[in-house]
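Peer 1: Take these sequences, add in the hints, and give me the full structure.
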Amino acid sequence: MAGKPVPAVRVQAEDFDVAAEVERIRAGRTDIGAIVTFSGLCRDEAGSLAALELEHYPGMAEAEIARVADEATERWPLLAVTVLHRHGKVRPGENIVLVIAASPHRQAAFEAASFLMDYLKSRAPFWKKEHRADGAPGDWVAAKDSDEQALDRWR
Amino acid sequence: MRLIYFAWVRERIGLPEEDIELPGEVRTVADLLAWLRTRGEGYGQALQHPKVIRVAIDHEHVDHHESLAGAREIALFPPMTGG
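Protein chains in written order, with my numbering: chain G, 11 to 165; chain A, 374 to 456.
Incorrect hints may appear among the rest.
What the hints assert, rightly or not - Simulated coverage check for chain G against chain A, where a stretch passes if three residues somewhere in it have a Cβ under 8 Å from a Cβ of chain A:
(1) 58-70
(2) 126-134
(3) 137-145
(4) 148-156
Stated by the list, open to error - FRET-style restraints, in silico, Cβ to Cβ:
(5) A:Gln421 / G:Asp162: 23 to 31 Å
(6) G:Arg36 / A:Val399: 46 to 54 Å
(7) A:Gln421 / G:Asp41: 52 to 60 Å
Derived by calculation from the structure, the hints in this document are not laboratory data. Using N, Cα and C, we set each Cβ at its ideal position, and we do this for glycine too.
Peer 2: Structure (structure tokens):
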């Protein structure tokens, strides 16, 4: 088996093209049997949310995502991993995060994508602030206990 | 050493970052949080529940027992809400 893949990690303000990112992984290779993509989107919370402002810690955000992605390549036989995370203002319907895991068989790809998202939620230094549709001051989104508990199944 | 703040920690303290000379008795992350709380009202509001504050030293998560020795940049922030 070839060596572990180097994860593609990007933190950017711009939107991304999910199909183009998948194509970047599969182009020219014939060893991949399964690709799982997860897209996290901004939802409008029943019309009350105008946008989310995503603050991040430049430098650490990339480093922490890379550490988690490297761990995924240690735990599962992956052929490729991509993690993209946006910062700045994101409106309802737009992308926030993309995880792609490619492997010979589906189970590793599903599990690695799920692992990556569970860890990004609680370990990647990003913070969401709400911009409300009615113009009232928005709050910082509170972290959920369920996100921290989601890590237990990977320990 | 540089201290850097994010999200509501940054808003309550009123600064994104600052360079600070720490007193010699401030040796651990827990010491730092306790000492910063005495520096003013904004710090007090930001750090009134120190257990919820997450800390990174030089871009790596650490717990509150961690020593500050050798640290160049210490970041304080709320629990993360990315993804």
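Peer 1: Does each hint hold? Answer for all of them.
Peer 2: Checked hints:
Requiring three or more residues with a Cβ within less than 8 Å of a Cβ of chain A, the coverage given for the segment 58-70 of chain G holds, as 6 such residues are present. For the segment 126-134 of chain G, the stated coverage by chain A is satisfied: 6 residues place a CB nearer than 8 Å to a CB of that chain, which reaches the threshold of 3. Coverage of a stretch by a chain is defined here by at least three residues with a beta carbon nearer than 8 Å to that chain's beta carbons; for the segment 137-145 of chain G and chain A the count is 3, and the condition holds. A stretch counts as covered by a chain when three or more of its residues have a beta carbon under 8 Å from one of that chain; for the segment 148-156 of chain G and chain A the count is 4, and the coverage holds.
Evaluation of the 23 to 31 Å hint for A:Gln421 and G:Asp162 yields a pass: the beta carbon distance comes to about 29 Å. Checked against the hint of 46 to 54 Å, the pair G:Arg36 and A:Val399 passes, with Cβ atoms roughly 52 Å apart. Under the hint 52 to 60 Å, the C-beta atoms of A:Gln421 and G:Asp41, about 54 Å apart, fit the expected range.
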